[in-house]
Amino acid sequence: KAGVTQTPRYLIKTRGQQVTLSCSPISGHRSVSWYQQTPGQGLQFLFEYFSETQRNKGNFPGRFSGRQFSNSRSEMNVSTLELGDSALYLCASSLVEEGTGELFFGEGSRLTVL
Amino acid sequence: AQKITQTQPGMFVQEKEAVTLDCTYDTSDQSYGLFWYKQPSSGEMIFLIYQGSYDEQNATEGRYSLNFQKARKSANLVISASQLGDSAMYFCAMREGPGRRALTFGSGTRLQVQP
Chain A
1 KAGVTQTPRY LIKTRGQQVT LSCSPISGHR SVSWYQQTPG QGLQFLFEYF SETQRNKGNF
61 PGRFSGRQFS NSRSEMNVST LELGDSALYL CASSLVEEGT GELFFGEGSR LTVL
Chain B
1001 AQKITQTQPG MFVQEKEAVT LDCTYDTSDQ SYGLFWYKQP SSGEMIFLIY QGSYDEQNAT
1061 EGRYSLNFQK ARKSANLVIS ASQLGDSAMY FCAMREGPGR RALTFGSGTR LQVQP
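If you read the sequences in order, they're chains A and B.
Just so you know, the first sequence maps onto residues 1 to 114 in our numbering.
Just so you know, the second sequence maps onto residues 1001 to 1115 in our numbering.
By construction, these hints were calculated from the structure, which means they are not laboratory data.
Ideal placement from N, C-alpha and C gives every residue a C-beta, glycine not left out.
Misleading hints may appear alongside valid ones.
Unchecked claim - On the chain B side, residues computed to face chain A include the following (Cβ under 7 Å): (1) Gly1043; (2) Glu1044; (3) Met1045; (4) Phe1047; (5) Arg1101; (6) Phe1105; (7) Ser1107.
Use the sequences and the hints to build the structure in full.
As structure tokens, this is what we get:
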């Protein structure tokens, strides 16, 4: 079956702009979480959605937001972009019912802020 | 304090040899899970192996095994018979407590397999 799909794969923005990233989970997966990966801070949890509800949120400013739709697809938005927002944004989906709760990751959206 | 510590920024191993990647963790939860992921240059995080805190036996998945020492709070990944395609970043991660989905990742180890 198809894996986690993230779009766009690459994008370039300038400071002050906003960006929306999209994630389509594996069919049947209802949990979607987002992570930011930077060389300096490594992989950091942003937020997690399940059945259109945000269940957990990491330690990020309010400029970072997200949502999940009824078909489990998720979007994250970053407003008023800063240079430090340049990162690989990874989306992961999981079947909450599974014992191991394995997260399946997409290939990420690489954002460059100029 | 760091919740997940990977002390080896980089490792070299000869093809067909075994290699151990270190991971120590810190948690006060009794129920937690430990994961290892591989990240090739493409960026995708590939799940390798999982160990639950209540699992008495070390997890194994093909050439991957997890050396789980609960008292020492370590969860080292052992890759047997290394292959050139194993060259990648390897991340140890932990999920604490029941019902929580968020993973805390270590800083990673870059493994290079040499022919």
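Evaluated hints:
1. Interface hint at Gly1043 of chain B: satisfied, since its Cβ lies 4 Å from the closest Cβ of chain A, which is below the 7 Å cut-off.
2. The beta carbon of Glu1044 of chain B is positioned within 7 Å of a beta carbon in chain A (closest approach about 4 Å), and the interface hint is therefore held.
3. Because the smallest distance between the Cβ of Met1045 of chain B and any Cβ of chain A comes to about 4 Å, under 7 Å, the interface hint for this residue holds.
4. A hinted interface residue such as Phe1047 of chain B counts as satisfied when its beta carbon comes closer than 7 Å to some beta carbon of chain A; here the least separation is about 5 Å, so the hint holds.
5. With its C-beta approaching chain A no nearer than about 5 Å, Arg1101 of chain B sits inside the 7 Å limit, and its interface hint holds.
6. Because the beta carbon of Phe1105 of chain B sits about 4 Å from the nearest beta carbon in chain A, less than 7 Å, this interface hint is met.
7. The beta carbon of Ser1107 of chain B comes within 5 Å of a beta carbon in chain A, closer than 7 Å, and the hint placing it at the interface holds.
Going through the hint list in order, the structure satisfies each hint without exception.
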